[in-house]
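Okay, here's what each chain looks like letter by letter:
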Amino acid sequence: MIRFEDVSVTYDGADRPTVAGVDFEVPEGELVLLAGPSGVGKSTVLGAVSGLVPHFTGGTLRGRVTVAGRDTRTHQPRELADVVGTVGQDPLAHFVTDTVEDELAYGMESLGLAPEVMRRRVEETLDLLGLAGLRNRPIATLSGGQRQRVAIGSVLTPHPRVLVLDEPTSALDPAAAEEVLAVLQRLVHDLGTTILLAEHRLERVIHYADRIVLLPAPGAAPVTGTPPEVMAVSPVHPPVVALGRLAGWSPLPLTVRDARRHAPELRARLRATPTLTATSGRAAGGADRAAAEAAPTRQPSPLTAADSRAGGAVRVGDGGDPRSSGAEGRGVAAGRRRQASPVSAGGNPPRRSLFRRRTPSAGPVPPPASSSDLAEVRSLSVRREHGDALRQVHLTVPPGETVALMGRNGAGKSTLLNSLAGVVAPSAGTVSVRGVVPHRTPPRDLVRHVGLVPQDPRDLLYADTVAAECTAADHDAGATPGTCRALVSELLPDVADATHPRDLSEGQCLALALAVVLTARPPLILLDEPTRGLDYAAKARLVAVLRGLAAKGHAIVLATHDVELAAELAHRVVLLAEGEVIADGPTAEIVVSSPSFAPQVTKVLAPQQWLTVSEIREALG
Amino acid sequence: MLHPGAWWLWALSLGTAATRTTNPLLLTLLISASAYVVAAHRTPAPWSRSYTAFAKLALAVLLVRVVFAVALGSPIPGTHTLVTLPEVPLPHWAQGIRLGGRVTAEAVVFAAYDGLKIATLLICVGAANALASPTRLLKSLPGALYEAGVAVVVALTFAPHLIADVQRLRAARRLRGRPDRGLRGLLQVGLPVLEGALQRSVALAAAMESRGYGRTAEVPAPVRRTTAALTLGGLLGVCAGTYGLLTAEGGTYGIPVLLAGVAAALAGLRLGGRRSLRTRYRPDPWGLRAWLVTGSGVAVAALLTLASVRDPQALNPGVVPLVAPTLPLWPAAAVLLALLPAFVVPKEPW
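Here the protein sequences line up with chains A and B, keeping their order. The first sequence runs 1 to 621 under this note's numbering. The second sequence runs 1 to 350 under this note's numbering.
Worth flagging that the hints you see were computed from the coordinates, not collected in a lab. Since this is a predicted model, take the numbers as computed values, not measurements. For each residue, glycine too, the CB sits at the ideal point set by N, CA and C. Among the clues, some could well be false.
What the hints assert, rightly or not - List time: in silico EDC-like cross-link candidates among lysine to aspartate or glutamate, alpha-carbon distance up to 16 Å:
1. A:Lys-603 - A:Asp-258
2. A:Lys-539 - A:Glu-506
3. B:Lys-139 - B:Asp-284
4. B:Lys-139 - A:Glu-101
5. B:Lys-139 - A:Asp-98
Stated by the list, open to error - Short derived list, chain A residues pointing at chain B, Cβ under 10 Å:
6. Phe-56
7. Glu-101
8. Leu-104
9. Ala-114
10. Val-423
11. Pro-442
12. Ala-520
The task is simple: from the sequences and hints, build the whole structure.
And the structure:
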């Protein structure tokens with residue numbers, strides 16, 4: 001259906017091809033995943049299918065790309081519109097009209113389909129994607145997952161035989177991503193649509209893929225094969241594959257389900273390494289779980305649960321001096337939950353109560369303020385035009401602690417970060433960071449207390465070169481000249497002074513923005529969706545940097561959909577829903593109990609409580 | 001769904017009616033009528049908020065008009081001095097311009113009447129925007145003009161996006177420790193904002209291209225040539241006709257040439273539509289209700305125009321000498337016709 005014949009693409013002004021030697025075929029009705037580190041030309045390959053490369057982007061394409069027998073050299077993108085549907089990275093940039101129904105019809109109108117056909121297909125697509133309830137809604141009022149579904153629907157209505165998607169789930173929360181992927185699978189299975197998609201979050205999509213085309217490095221020829229074949233050699237792989245490689249499982253498992261078949265043996269090995277539990281609180285919890293598993297009753301006794309929580313607190317206490325107050329805060333949080341647990345003690349595991357919506361009257365009791373808390377949010381409410389963005393939120397952040405804010409798109413995570421950074425003024429309640437009120441503090445002073453890296457780190461960058469950006473940052477922060485450049489060299493070792501920030505990759509941009517923010521040495525660092533668009537390597541570097549900062553006593557609050565990142569980094573997870581805090585506690589406790597927020601390693605090794613591959617690697621020695 | 005054109009014709013007719021009078025009572029009545037209809041029929045869609053935006057703009061225009069009259073003086077002769085501002089002496093080359101000086105009640109009232117007229121006009125345009133977004137109007141354009149229409153609509157949405165970008169980047173300045181207020185801050189975000197807007201436009205263009213925007217049908221060469229000839233000839237005819245109408249000598253040939261030009265241009269547009277493959281999804285029907293809504297608007301405009309000819313005193317209350325405006329009965333009753341859409345159009349489902 002799609003055939004690449006020895007294709008190479010060289011953009012104007014580039015001295016070497018962005019992609020070279022691309023030669024593969026996508027048969028009809030298959031879902032093929034295009035994987036690889038960032039910057040290897042995945043978007044270029046996708047663009048070549050729809051003809052946008054090179055007709056729209058410029059550059060030289062050598063070789064031949066054919067889609068359903070049409071050569072893209074002789075067909076403009078608009079002449080391929082009836083066979084190829086393309087959805088780019090940002091669905092908002094894709095919309096031409098302003099309501100859902102019109103958007104679905106737009107493509108068909110351009111192709112000149114008969115009105116009756118259009119009417120029928122719009123109705124079918126509304127049902128297929130579960131958009132019937134949204135048909136008259138203006139697109140501007142939809143959530144991220146809904147927008148993505150509308151974008152997919154808008155290219156589906158002309159019944160293309162090929163669908164090309166660039167990172168369809170990157171910006172989505174886990175549940176919304178599942179929603180979108182379920183739709184894609186349905187298209188492949190029921191309608192025989194051919195799908196080519198690129199995605200960084202392999203753990204979300206790999207089990208839907210029939211084949212993988214791996215671009216291992218810029219300009220290198222792609223490796224094509226079945227998912228297990230390619231994953232065995234791939235530099236980018238999801239945690240479950242990393243676990244499989246670590247444990248030496250063969251065939252390599254790609255899904256949690258496959259991995260669980262191998263898991264009993266690994267669980268036994270982990271149970272046999274009790275010496276390590278003293279140094280790792282999470283492992284201690286795991287041992288308790290193992291004990292619970294071995295015990296005849298499946299229902300964890302309240303004592304065991306309390307013990308594992310205490311274990312969690314001890315670990316943090318062990319972690320270093322600045323964290324001791326963190327242990328105190330968490331002890332309080334755990335105590336609160338222990339009070340709540342008897343309510344649901346009958347039959348359900350106690351932690352289920354965390355996910356019950358609390359009624360406003362029985363809202364969370366503010367934890368007693370500790371004088372050492374770096375940031376404190378009390379009864380914070382933020383009102384927006386369409387209702388409340390935040391309602392009665394309490395949050396304290398002690399120094400040295402990393403807190404992950406999780407929850408659906410639009411749950412209020414960004415608003416909470418923005419209130420901590422003083423960008424949003426509270427409608428009610430108080431926010432204080434080291435005793436100052438962020439939105440009333442002049443920006444010049446505020447940067448010394450709190451730094452926020454926004455969702456798009458490019459918003460923070462104005463200058464033409466990295467060097468100029470650093471000079472400006474030193475000036476803004478009143479730091480000694482060279483401070484920012486030193487930080488940049490630390491975070492981004494191989495970036496030249498004269499590089500334009502626009503030419504940096506997503507990960508490099510994030511690192512530069514982080515360096516700019518860190519120049520003022522704020523003790524509280526806030527990050528909004530830091531892993532959007534990052535590959536696994538860039539993510540690992542970010543994790544290392546943030547861990548280093550936390551060890552130096554910086555408190556970090558990050559809003560993220562990335563459960564693996566939260567598992568790696570966060571001491572504490574705060575779940576938000578509809579502007580309210582619905583759970584607040586140690587990472588192990590919160591994510592383990594949630595089907596959508598549990599990381600893959602946890603799912604594989606449940607009921608033992610492990611979160612990340614690096615923990616396992618450490619435990620196995 | 002009511003045809004969007006009906007709403008626009010209704011609102012623009014009210015605007016036309018507003019230009020016929022300076023009577024503040026009639027103008028307020030017009031504003032109230034349009035506000036009532038908007039309140040009854042607007043949806044929670046983002047573009048419905050444009051009514052508030054236009055109302056604020058109208059208020060600003062009114063205030064600016066009055067402030068100018070106070071500060072720069074007014075040609076209206078008046079005897080009721082309200083206050084005397086210190087007059088700034090200007091060099092002789094600025095003769096005819098005055099800064100400060102005597103402020104008379106007549107001048108202020110005249111400026112307020114005049115400002116209110118423009119404000120009403122703006123509010124009527126706001127009502128049209130709130131009731132039917134300009135994009136919906138696009139669906140009713142003839143095929144040949146569709147592509148140009150899309151360009152216009154994309155350009156129209158450019159401004160709201162630009163404002164959102166400016167707000168976001170000014171917030172980001174705060175994060176850098178720079179003041180987020182003041183003109184300097186605005187200027188410094190200018191370049192990134194334009195860059196962002198340009199990038200978004202390019203992304204949108206790519207999306208439209210890959211969704212088949214601009215696909216054309218094969219048209220036989222004779223038809224193409226006829227289209228070109230008709231359109232060009234028609235436009236030339238329109239130009240020549242207009243020239244004939246406006247000059248003193250061409251009174252005889254003006255109107256026929258203009259009409260012929262318009263007819264040729266329309267025929268050209270119709271033929272040109274053959275090049276476009278586009279079909280329409282659920283075109284809005286022009287039904288009885290659309291006629292009623294348009295009719296009520298046009299009736300208001302026509303009746304007020306008639307009234308302004310027959311009773312100019314009541315519709316343009318004098319300011320010299322200063323008299324209290326009175327509400328002329330039958331023009332006021334005519335304005336109330338504008339409320340008809342509030343009762344005959346069913347509320348849109350939401």
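Does the structure keep Lys-539 of chain A and Glu-506 of chain A at a Cα separation of 16 Å or less?
-> Satisfied, since the Cα-Cα distance of roughly 11 Å is no more than 16 Å.
May I ask you to test the interface hint for Ala-520 of chain A with respect to chain B, counting a Cβ-Cβ separation under 10 Å as satisfied?
-> 6 Å, holds
Would the stated hint for Glu-101 of chain A survive a check requiring a Cβ distance to chain B of less than 10 Å?
-> 8 Å, holds
Sort out whether Asp-98 of chain A lies within 16 Å of Lys-139 of chain B, counting only the CA atoms.
-> 12 Å, holds
For the hint on Ala-114 of chain A, just tell me whether its beta-carbon gets within less than 10 Å of chain B.
-> 7 Å, holds
Satisfaction of hint between Asp-258 of chain A and Lys-603 of chain A, Cα-Cα up to 16 Å | OK: Lys-603 of chain A and Asp-258 of chain A at ~11 Å, within 16 Å.
Hinted contact Pro-442 of chain A with chain B - closest CB pair below 10 Å = 7 Å, holds
Would you check whether Val-423 of chain A satisfies its interface hint, that is, whether its CB is within less than 10 Å of any CB in chain B?
-> Since the shortest Cβ distance to chain B is 5 Å, the answer is holds.
Please verify that hint: Phe-56 of chain A, Cβ, nearest Cβ of chain B, below 10 Å or not.
-> This interface hint holds because 5 Å falls under the 10 Å limit.
With a cut-off of 16 Å on the C-alpha distance, tell me whether Lys-139 of chain B and Glu-101 of chain A pass.
-> 13 Å, holds
Within a Cα-Cα threshold of 16 Å, do Lys-139 of chain B and Asp-284 of chain B meet the stated pairing?
-> 8 Å, holds
Double-check Leu-104 of chain A for me: the hint is only fine if its C-beta lies closer than 10 Å to a C-beta in chain B.
-> Constraint on Leu-104 of chain A satisfied, holds at 9 Å.
In terms of the numbered hints stated before, the structure departs from none.
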